[in-house]
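Put chain B on the given structure of chain A with help from the hints.
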Amino acid sequence: MSRRDRALAAASAIAGVAGIGVSAYLTVVHYSALPLACPTGGVIGCERILASPYGVIAGSALPTSTAGIVWFAISAALAIGQLAGRDSQLVLRIHLVWSAIGLATVLYLVFIEIVALGAICVWCTAAHVLVLVTFLAVLTRIQTAGTQRLRD
Amino acid sequence: MARPPSRRRPAAGKHAQSMRKPVSRRPAWVGPVATVVGVGLLVAAFVAYRGWTTAPPPNIGTTDAAQVLATITGLRPAELDQIGLGSATNSIKNVSGPALTGADGKPEVFYLGAEYCPYCAAERWAMIIGLSRFGTFSGLETTTSSSTDVYANTPTFTFRKATYTSQYLDFQAVETLDRNQNPLQSPTAEQTALLRSYGTGSIPFVDFGNRYSLTGATYLPDILAGLTWQQVAVALQSPGTPQAKAILGSANLITAATCELTGQQPAKVCSSSSIRAIETRLGTGR
Numbered sequence: 001m002s003r004r005d006r007a008l009a010a011a012s013a014i015a016g017v018a019g020i021g022v023s024a025y026l027t028v029v030h031y032s033a034l035p036l037a038c039p040t041g042g043v044i045g046c047e048r049i050l051a052s053p054y055g056v057i058a059g060s061a062l063p064t065s066t067a068g069i070v071w072f073a074i075s076a077a078l079a080i081g082q083l084a085g086r087d088s089q090l091v092l093r094i095h096l097v098w099s100a101i102g103l104a105t106v107l108y109l110v111f112i113e114i115v116a117l118g119a120i121c122v123w124c125t126a127a128h129v130l131v132l133v134t135f136l137a138v139l140t141r142i143q144t145a146g147t148q149r150l151r152d
Numbered sequence: 153m154a155r156p157p158s159r160r161r162p163a164a165g166k167h168a169q170s171m172r173k174p175v176s177r178r179p180a181w182v183g184p185v186a187t188v189v190g191v192g193l194l195v196a197a198f199v200a201y202r203g204w205t206t207a208p209p210p211n212i213g214t215t216d217a218a219q220v221l222a223t224i225t226g227l228r229p230a231e232l233d234q235i236g237l238g239s240a241t242n243s244i245k246n247v248s249g250p251a252l253t254g255a256d257g258k259p260e261v262f263y264l265g266a267e268y269c270p271y272c273a274a275e276r277w278a279m280i281i282g283l284s285r286f287g288t289f290s291g292l293e294t295t296t297s298s299s300t301d302v303y304a305n306t307p308t309f310t311f312r313k314a315t316y317t318s319q320y321l322d323f324q325a326v327e328t329l330d331r332n333q334n335p336l337q338s339p340t341a342e343q344t345a346l347l348r349s350y351g352t353g354s355i356p357f358v359d360f361g362n363r364y365s366l367t368g369a370t371y372l373p374d375i376l377a378g379l380t381w382q383q384v385a386v387a388l389q390s391p392g393t394p395q396a397k398a399i400l401g402s403a404n405l406i407t408a409a410t411c412e413l414t415g416q417q418p419a420k421v422c423s424s425s426s427i428r429a430i431e432t433r434l435g436t437g438r
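Residue numbers (the numbering used here), protein chains in the order written: chain A, 1 to 152; chain B, 153 to 438.
Please note that the accuracy of each hint is not assured.
[Claimed, not checked] Which stretches of chain A does chain B cover? Using the computed rule of at least three CB atoms under 8 angstroms from a CB of chain B, they are:
| id | region |
| --- | --- |
| 1 | 43 to 57 |
| 2 | 107 to 121 |
| 3 | 134 to 140 |
Think of the hints as simulated: they come from the structure by calculation, not from any bench. Note that the Cβ used here is the ideal one computed from N, Cα and C, for glycine as well.
With the rest of the complex left out, here is chain A (with noise of 0.2 angstroms):
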């Protein structure tokens, strides 16, 4: 492994563990009597948000942030893999899928946000820009492999 794809794996097992951060925080905010700390104003508007219908998984009592802690917790281990040898072009495929599916799953979410909300809530950002950074790595990756294997 080169040390270009060691340092997009590291960035993309990086994000992937302050996903789980914020996600956790999310749930645990969620589940408990704790103040959420987020600024209030303009647009921003997290208890909006996180108390709408949307801030739970649909038909559950779960919220939202618990998938992320999978998503994120799945696409970590997938970095750190790589990272620690498995670095084979069927993990970083896969690792490609479960970044595009997140990334797809975001794009809903900030939909859901601007359009049916009218309400951007910071903490979910944070959590699909994470997401988003974890596609640019892997997809980095992808192409940098296919293109090197063109050259070999």
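Then chain B, alone, in the frame of chain A:
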């Protein structure tokens, strides 16, 4: 003997050339950059779609508007007292300066806002209710905030043609831009100086006789989303609604600041225990 290699070489060279072409045509950064641009465009499209689909409430005629105004300015004092500060944010600040008075020497309340601004739209409901306890508005017209800003199409009234008569105070209002952000009214040099001295540059800005100032709305406009003027008026008649708690709480805050200007006149308004209680909290942020 020499022919086969010479035949193969061009073929190998052609193959190598066809393999290299994609390398030079699509660098590794193209995919990520295209993704970022695509995501940015999608988000921009969502924002634009939100603006177009948040339709303004159907406009109402002058008779219905007058009925709404009669309802909200004729609310029972007991209901206003019951709500107190409600869910309003006590963001009125103490300021000091030469007393701001109108042409006839009465203390002046000065408002500066704009029709496109959703926070101004929200605050006008409270200002109309609060100041109507000291005098009478005329010339108020219905409008909505911008359809492309946050809290799009918030229903409200505009001060652009409003006049206010009161034996206790003077009221001056400037709406700088219309709901499409076209120029509407310009503040005088003195009014601009008030904004510079006592405001933060944001709107709405309200100067209570140079004793108190208010910048921004005392509640979020989202509670008015999707409501007609009549629905807001109905909601204000029930103290338990979010609209009543926010708007009437804000109106009480404005009433309390105004009572400080008028020397606690009229007594039937300013002697209320809830107004007195709010007066003690003015400028404290609590």
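Against the structure, the hints:
1. 43 to 57: holds (count 3)
2. 107 to 121: Contact hint for the region 107 to 121 of chain A vs chain B: holds, 7 residues under 8 angstroms.
3. 134 to 140: holds (count 4)
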